[in-house]
Amino acid sequence: MSEKVLMKGNEAFAEAVIRGGVRFYFGYPITPQSEIPEFMSRELPKRGGKFLQAESELGAINMAYGCGAAGGNGFISSSSPGIALMQEGMSFLCGAEVPVTLLNVSRGGPGIGSIQPGQADYNQVTRGGGNGDYKIPVFAPASIQEAVDILYEAPEIANRYRNPVMVLADGLMGQMMEPVLLPEPKPDLTSADIPKVKPWAISGSEKGERSVVKSLRLQPEVLEAHVEHLFEKYAEMEKELERVECESLEDAEVVFVAFGTMARLAREAMELLEAQGIRAGLIRPISLWPFPYAAFDRISDKTRAVVSVELSMGQMLQDINLGVKGRVPVRLVHRVGGMLPTSIEVVEKTKKILEEVR
Amino acid sequence: MKPVFTVTKGMLPVSTSYCPGCTHGVAHRIIMETLDEMGLLGKTLGVAPIGCSVVAHQFMNVDMCEAAHGRAPAVASGIRRVHPDKVVFTYQGDGDLASIGMGEIVHAAARGEKFSTFFINNGIYGMTGGQMAPTTLIGQRSTTSVDGRTREQAGMPLKICELLATLDGPAYIERVSLDSPAHIRAAKKAVRKAFEVQLAGKGFSFVELLSTCPTNWGLTPPEAMKRMKEEVAAYYPLGVYRDAEV
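First to last, the protein sequences are chains A and B. The opening position of the first sequence corresponds to residue 5 in this note's numbering, with each subsequent residue numbered one higher. The opening position of the second sequence corresponds to residue 5 in this note's numbering, with each subsequent residue numbered one higher.
Treat each hint with caution, since some may be false.
[Said to hold, decoys possible] Straight-line Cα separation of at most 25 angstroms, SDA-like style, residue types lysine to any residue; simulated pairs:
no., chain 1, residue 1, chain 2, residue 2
1, A, Lys-211, B, Met-15
2, A, Lys-218, B, Lys-13
3, A, Lys-50, B, Arg-115
4, B, Lys-163, B, Lys-230
5, A, Lys-54, B, Lys-230
6, B, Lys-230, B, Ala-248
7, A, Lys-190, A, Asp-153
8, A, Lys-211, B, Leu-203
9, A, Lys-218, A, Ser-95
10, A, Lys-211, B, Pro-17
[Stated by the list, open to error] Simulated coverage check for chain B against chain A, where a stretch passes if three residues somewhere in it have a Cβ under 8 angstroms from a Cβ of chain A:
no., segment
11, 42–51
12, 63–71
13, 74–86
Derived from the structure by calculation, the hints contain no laboratory data. Ideal Cβ positions, reconstructed from N, Cα and C, are used throughout, including at glycine.
Taking the hints into account, I'd like the entire structure generated from these sequences.
Next comes the structure, spelled out in structure tokens:
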């Protein structure tokens, strides 16, 4: 039976992917997500799964690649600098069409940065740091419940498209506690099922035709055809995986754009502005790729400014501008380095912006 | 008439892309013949490296995947978790394993991962055109050490069997050479032992196969064989570095 429990973000994330069918975890300790490998080391062996602490993030992503190539439902979690180290592996996963579920509990940068929450991984996760033409769907939940629901679904999405899927939760999400309703566990995929369910996987199962999982295609025409095939998949993902929540866009004088925990802060700012007689709306991208550009067509004629609220120097602005198409001024309210804006700070800065664009 | 020799089903009936006199073909064949003789072809999963043998999966007739440069032991560790009852091996060159992939091989060995690694040591980067490898001998010319490797400039060559033998994790470590029919027969025995150790659940097994690269050594195939036997094996002594009862 489903049950509502109070859980810390990182532990809820781990429980959700196990219930979503993940049985293999490969990880390397990094703040602020180290509760995840700790949880997995305790729980997976009890649930018919395997936990392996990797020697590095490079090891972890490549273990997950081997696991996925062999047909297993694998999961890895890390935080910003660790995700940076995994970029080569992500390019390989996409090129070889290997499904894996990824979780980035992001922190401040650049470099080792800080261990405080940050959203400056936006470009890293939506543009990708690996080589070649590839895309990875990225979901940015704003509550632990939403994170649980997406992580529960993510292994299935990864398998459907034979592609990695990433969930981006900033450090706040990992460390906070909220009540969550945990979904029913999905059935196990046993190693005996793999040749039937995933005939493309390497399984050493004498199933007739042998399997080869690879990204190397030395003949240019063969690689070109493969990349075109990948992009047919990505076009399909753009149609199927775009997710967005819009609030109070009609009559809004100002529209906030924010994802993850910053969307919650923007919601508080909306209420405070409302009390001062200023109508505010919100576009909350849940999928960062595919980005919900079409949602920006719903911005009304009454809107005088679009304000992005981010824990980065405005990495989402490029996408917002593509959605707004120059119809309304786009501005940024941000803090970085692990500093968090207060809702009052957002309200004051927004009022100043509204004066400027008057 | 009774055939005196049949080609193993373990090798696909295609020409390899390896240069004349290169011993990749010999190494491929003894590994695949061994799997065939042990009845393991349909139960085996292999991991190909980056380097000349990135295309090993075009020749070896088992389920295979590629790994990023040096990461084959991590990939095999992942595969092993999903298929605990299958046979898993990695096939890696010296640039792949002893340079960029040193972290992965050391940790897989230390964990006592239940797979086998076949390490092709020809002392040079073949595919990229003959650059110095961590296993290039002192005095050996390469495109990044044109006057010969020096200790002052590039340090000393790495002895991987000896290094891994300092760990408690591995179950079986042997260095063999592909320089003569007698040594190739001995190499095949070592390959068989590596798989037997894996099947017995004893842990990590590792066979280093001294190999030639006539193209990048700038030698004819017979000269390359002679150099391997006389110079290379002098620095990399053949033998068992960790033994296991099977």
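Looking back at the numbered hints, which does the structure fail to meet, lowest number first?
-> Hints 5 and 6 not satisfied by this model.
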